[in-house]
Structure formats: C-alpha cells, structure tokens
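Novice: The residues making up each chain are set out below.
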Amino acid sequence: QKEVEQNSGPLSVPEGAIASLNCTYSDRGSQSFFWYRQYSGKSPELIMSIYSNGDKEDGRFTAQLNKASQYVSLLIRDSQPSDSATYLCAVNKRDGGSQGNLIFGKGTKLSVKP
Amino acid sequence: KAGVTQTPRYLIKTRGQQVTLSCSPISGHRSVSWYQQTPGQGLQFLFEYFSETQRNKGNFPGRFSGRQFSNSRSEMNVSTLELGDSAFYLCASSLAGQGYGNTIYFGEGSWLTVV
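Line by line, the protein sequences give chains A and B.
The numbering of the first sequence is our numbering, which starts it at 139 and goes up by one.
The numbering of the second sequence is our numbering, which starts it at 321 and goes up by one.
Note that these hints are calculated values from the structure, not bench results.
It is possible that part of the hints are untrue.
In silico DSSO-like pairs for lysine-lysine, Cα to Cα no more than 30 Å straight-line [said to hold, decoys possible]: (1) Lys-333/B x Lys-180/A; (2) Lys-333/B x Lys-244/A; (3) Lys-140/A x Lys-377/B; (4) Lys-377/B x Lys-205/A; (5) Lys-205/A x Lys-244/A.
None of these values were measured; they are calculated from a predicted model.
Model the full assembly from the supplied sequences, consistent with the hints where possible.
Specialist: Spelled out as structure tokens, the structure:
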C-alpha cells in the first residue's frame with residue numbers, strides 16, 4: 139500500500155459545481171494533513187491544513203479529516219476555471235524520534251470547464 | 321515578507337557533472353527541506369536541515385547531499401549526474417520543521433535537465 143494515495147484523475151467538473159478530491163494514507167499515527175495546489179510548471183502552494191477530525195472551512199475550500207478511516211478530502215465549492223490545477227495531499231509521517239517528514243501523494247489533476 | 325528563494329531557476333548539465341542548487345528560506349525559518357519532483361514519481365523528500373544539521377533523509381543515493389549555513393540558507397549538491405536526475409527540485413522552509421503544527425512553504429523551484 140502506498141503511503142499517500144490519490145486518484146490521479148483527471149477530474150473534470152463544470153464551472154460552479156463542487157469538486158471533491160480524496161486522499162488516503164497508511165500511517166495511522168499521522169497528525170498533520172495538508173492540501174497543496176500546483177499549477178503546471180509552478181511550485182506547490184498551500185491551500186489548507188487540518189489536524190483534527192471533522193471539517194475545516196476556508197472560503198470556497200473545505201478540508202475533511204477522518205482519522206479512523208485514514209481519509210482526508212478537499213471540497214471546492216463554486217469551482218472556477220482558475221481552480222484547474224493538480225492538487226497534492228500531504229501527510230506527516232512520523233519517523234522514530236524525529237519530527238518526521240511530509241509524504242506527498244502524486245496528486246489529482248482537476249479540470250474545471252467553463 | 322520575502323518568500324523562499326531558489327537559484328538558479330533553470331539549468332542544463334551534462335551526465336557526469338555535478339550541480340549545486342541554492343535556497344534562501346523565509347526570514348526566521350530555521351528548517352529547510354528539499355524535494356525532487358518528476359512526472360513518474362511525484363514529489364519525493366530528499367532531506368531536511370535544521371540549525372545546520374541534517375535532521376531527516378529520504379531514500380536517495382549518496383550522490384545527493386546538502387548543507388545548511390548559519391543564516392539558514394541551504395545548498396543541495398548532486399554529483400555524477402545521471403539522466404534520471406532531470407527533475408524539478410523544490411526547496412521548502414518552515415519555522416521548526418515538518419512535525420505537528422508546522423507548515424512548509426515552497427520556493428519557485430529549480431528545473432534541472434541532464435543531457
């Protein structure tokens with residue numbers, strides 16, 4: 139099982155719809171979860187961080203975390219063509235006594251059609 | 321507040337050569353991490369430096385090395401370049417690392433092509 143798994147997509151949604159991006163992880167002890175957005179040819183930029191079970195909302199974005207199911211998702215409401223990008227899920231992996239490091243999924247490519 | 325600065329942005333090297341990439345973190349950030357991104361493997365962790373010490377290392381050969389200076393600036397070196405080292409190299413900085421509660425911020429990246 140891969141450490142962080144995402145559906146590679148592409149996920150295509152019409153403008154104004156809700157885009158739902160999913161991510162599962164293998165390390166049950168993970169405590170930090172992030173969503174990054176990466177436009178083609180650019181570096182990843184942070185969208186959301188979530189640490190506790192439940193939902194966290196920021197504007198049009200909602201992150202959802204379910205540690206029991208080892209599942210984290212990102213909802214994008216009122217999707218815009220400018221949201222078209224690859225979305226990377228990142229999970230902190232503990233490594234013995236160290237702080238660990240972030241493990242990234244391979245990303246889901248989202249396409250929002252006008 | 322300035323972001324993470326990486327230099328050079330683009331470079332082309334020949335097999336067998338070595339390359340050094342530089343990263344200046346966000347002011348006040350003491351942790352610098354390096355990542356390699358390729359279409360096939362995605363974003364892979366290389367190593368993390370904190371207060372001039374390598375604190376964590378990914379699964380890459382010894383040809384990949386790094387260091388951090390007292391001002392938190394970091395360099396990454398790849399020796400004896402191979403074609404497979406062609407990738408997008410990203411530096412990320414954070415206040416204290418990649419542990420709980422810390423967020424990493426990426427630089428613009430360096431595109432390395434090995435021919």
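Novice: For every hint, state whether the structure bears it out.
Specialist: Taking the hints in turn, this is what the structure says about them:
1. In summary, the hint linking Lys-333/B to Lys-180/A is supported, as the alpha carbons are separated by about 21 Å, within the 30 Å threshold.
2. For the proposed pair Lys-333/B and Lys-244/A, the alpha carbon gap of about 27 Å is at most 30 Å, so the pair holds.
3. Of the supplied pair hints, the one linking Lys-140/A and Lys-377/B holds, its CA atoms being roughly 19 Å apart against a limit of 30 Å.
4. Straight-line distance between C-alpha atoms of Lys-377/B and Lys-205/A comes to about 26 Å, which keeps the hinted pair within the 30 Å bound.
5. A hinted pair counts as satisfied when its Cα atoms are at most 30 Å apart, and Lys-205/A with Lys-244/A qualifies at roughly 20 Å.
Comparing the model with each earlier hint shows no violations; every hint is respected.
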